[in-house]
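Asks: Given only the sequences and the hints, what does the whole structure look like? Please build it.
Line by line, the protein sequences are chains B and L.
Counting from 1, position 197 in the first sequence corresponds to residue 197 in the UniProt record's numbering; the numbering is continuous, with no gaps.
Counting from 1, position 328 in the second sequence corresponds to residue 328 in the UniProt record's numbering; the numbering is continuous, with no gaps.
Worth double-checking, as some hints may not be accurate.
[Claimed, not checked] The calculated label-pair distances, taken between Cβ atoms and stated as ranges, are:
#1 73(B) with 120(L): 43 to 49 Å
#2 67(B) with 297(L): 31 to 37 Å
#3 219(L) with 14(B): 26 to 32 Å
FYI, nobody ran anything at the bench for these hints, they're computed from the structure.
Ideal Cβ placement from N, Cα and C applies to all residues, glycine included.
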Amino acid sequence: MALPSHASRLERIWHYTYLVICGLIFFFLVAPIIVIIPLSFNATPYFTFTREMLTLDPAGYSMRWYDALLTSDEWLSSIRNSFFIAISATIIATTLGTLAALGLSRREMPARAAITAFLISPMIVPLIITAAALFAFYARVNLSQTFFSIIMSHVVLGAPFVVITVTAALSGFDNQLIRASQSMGANQVTTFFKVILPLLLPGIIAGGLFAFITSLDEVVVVLFLAGPEQTPMTVRMFSGLREEISPTILALASILVAMSIGLLTTMELLRRRSEAHRTGRG
Amino acid sequence: MTDTAATAGNIPSGRAAGTGAAPLTTADGQPLKVALRRANRRARRNAMLLVAPLFLFLLFTYTIPIVQMMTRSVMNPEIAGYLPNTTEAIEDWDGEGLPGEAVFAAMVKDLNAGGRSTIGRVAARLNAELPGARSTMMGSMRAAEDLQAPFKEALIADDDDWGEQRIWRLIKRETRTLTPAYYLRALDFEYNQDGEVVARPPSMQVYRAIFWQTAWMSALITFLTILLGYPVAHLLATLPLKSANLLMILVLLPFWTSLLVRTSAWIVLLQQNGVVNELLVFLHIVDDDGRIRMIYNRIGTIVAMTHILLPFMILPLYSVMKTIPPSLTRAARSMGATPLRAHLTVYFPLTIPGLAAGVLLVFILAIGYYITPALVGGESGVFISNLIADRMTGSLSQLRLALALATILLVGVLVFYWLFNRLVGVERLKFG
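Replies: Right, here's the structure in full:
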């Protein structure tokens with residue numbers, strides 16, 4: 001992107017305008033997320049910067065909203081519910097998705113394209129449609145307002161991500177390794193756990209993280225399926241944003257932003273690891 | 001995989017045994033073709049067994065609910081269940097003149113048999129379509145016990161509304177167990193009192209306008225993400241890898257951040273006393289009373305959704321742009337093309353697969369959005385999803401209306417996907 005030395009004046013002006021425009025777009029992408037972090041330390045119950053905050057007066061800041069969040073039974077139980085649902089759904093989705101991806105990547109698999117399309121269709125269908133269908137379905141079999149129905153729904157939404165990431169990891173997989181392992185006397189089970197699984201692990205973890213975050217973030221389906229016993233934090237946040245707006249929500253939001261930064265780092269490390277694997281093998 | 005490997009390992013021995021005219025066999029004497037076919041069959045079965053758990057899981061917990069949604073949106077079994085005799089008798093009536101004695105007799109039988117609550121439910125349902133039907137039904141239910149044959153004359157004598165054709169047409173329509181009524185309602189049509197399909201009065205029309213609003217706002221949001229995403233993706237694709245990876249974090253952070261967090265960020269920024277308005281007042285761009293309304297309306301929905309969906313445009317664009325050799329544009333320039341022309345005729349066409357993938361993703365995601373319009377859209381910025389959600393928790397007929405609306409939306413998405421596939425070819429798209 002460096003400007004050549006023979007660039008004309010007009011080109012120079014255009015080049016710098018372009019960089020400024022891109023800078024503004026990056027600002028637009030990130031600023032809204034960053035701005036909520038200082039606001040979550042607000043000493044007043046408003047969603048805006050006070051004079052004290054702008055002059056960096058310590059009196060303008062406080063931990064009261066984090067306090068309110070972490071001492072409230074309602075919030076804590078909803079956070080527990082969220083993690084319980086997300087972890088259960090991730091385990092099931094990762095298992096089913098990985099098995100399916102292993103099957104789909106075999107040359108002998110019949111109707112591969114059609115079956116793949118079917119398995120990832122929950123990603124394409126708008127969430128509200130899935131929510132409407134699942135709400136009517138579970139209400140009919142008297143299973144709405146149970147953890148079971150919520151977890152099953154989240155497996156439906158999360159499994160496609162696992163199928164996609166593991167299939168992608170398998171596409172770079174060298175089948176000779178399986179033969180090598182078998183020629184040295186390993187049986188199928190040993191080959192799977194000692195050769196296939198370690199190589200696929202970055203893909204499986206990435207898919208699992210996608211499934212986990214999908215479940216943790218999901219609002220629309222749980223909004224209709226969850227009863228008071230199962231209310232996850234997203235639903236509590238959603239109703240909080242609709243009714244009594246309090247900076248407690250911003251405290252939770254800031255924690256979630258910190259979590260997504262951690263997640264982003266993990267994904268980046270996974271990507272580098274698998275890249276190193278691939279290039280290392282040449 | 002392993003089975004074919006095993007078979008492949010046996011080929012040399014088969015070939016050794018099968019010299020001459022005899023067919024090739026494996027070590028244990030089977031014809032090679034049979035062994036190969038069997039091994040292939042086993043491999044195919046193994047592959048299918050691996051896919052089966054997820055396949056069956058989705059079939060039972062996803063496909064069946066979706067199919068049920070579609071069938072339930074046309075179902076109307078209640079009246080037929082409450083008035084079994086009438087339902088059977090009225091089937092033969094052609095809708096002209098008045099139905100025969102048999103239908104009237106069946107109606108009297110049903111009025112006698114059904115309890116107060118059953119007939120009450122039928123009456124309420126019919127009354128919603130034909131005002132006055134409730135008193136006709138309830139009045140005749142009380143009188144039904146004393147009625148004598150011929151029932152046609154007796155019923156009409158009890159309440160002369162039974163002599164009107166339209167109540168019978170309504171009953172005939174409502175006793176059908178399959179009805180297009182919810183779809184008509186979802187597209188702002190209804191039956192008039194003569195049973196013809198007409199547009200609802202303009203003041204009662206809601207859904208078509210919201211379908212249209214959902215479509216044009218999604219299109220506008222898609223356009224805005226192209227406008228903002230294209231330059232950024234281009235910059236990321238042409239910068240040296242190290243700085244591009246750093247800047248990529250700025251795209252991935254919003255991508256990985258919770259949707260609710262991003263929506264609440266926009267509430268914080270855009271509300272009346274929010275950060276943007278405070279800043280504008282501080283800079284004396286607007287007065288304290290002249291604060292701009294940027295949220296709880298269409299602007300709120302468009303701004304927040306453009307921000308939320310922007311990474312879905314940037315990522316596929318970036319992955320395509322990264323594969324375009326910069327030498328192509330340079331070659332165009334060296335042959336005398338202006339920068340603009342080189343970009344439009346050489347670079348831009350090569351980015352179309354990424355652009356198309358981004359458009360498909362963003363538009364399909366936008367058209368089904370619920371959370372963001374519900375939180376920042378106010379009254380004017382709602383999407384069809386919001387209406388579906390509102391209707392879902394209501395009465396049974398409201399639920400069926402919601403299911404009809406959802407089915408229409410699903411068909412819309414599938415048609416868009418199909419058209420897009422015809423125009424661009426989905427398998428050519430690159431998602432990243």
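Asks: If you test the structure against every hint from before, which numbers come out violated?
Replies: none
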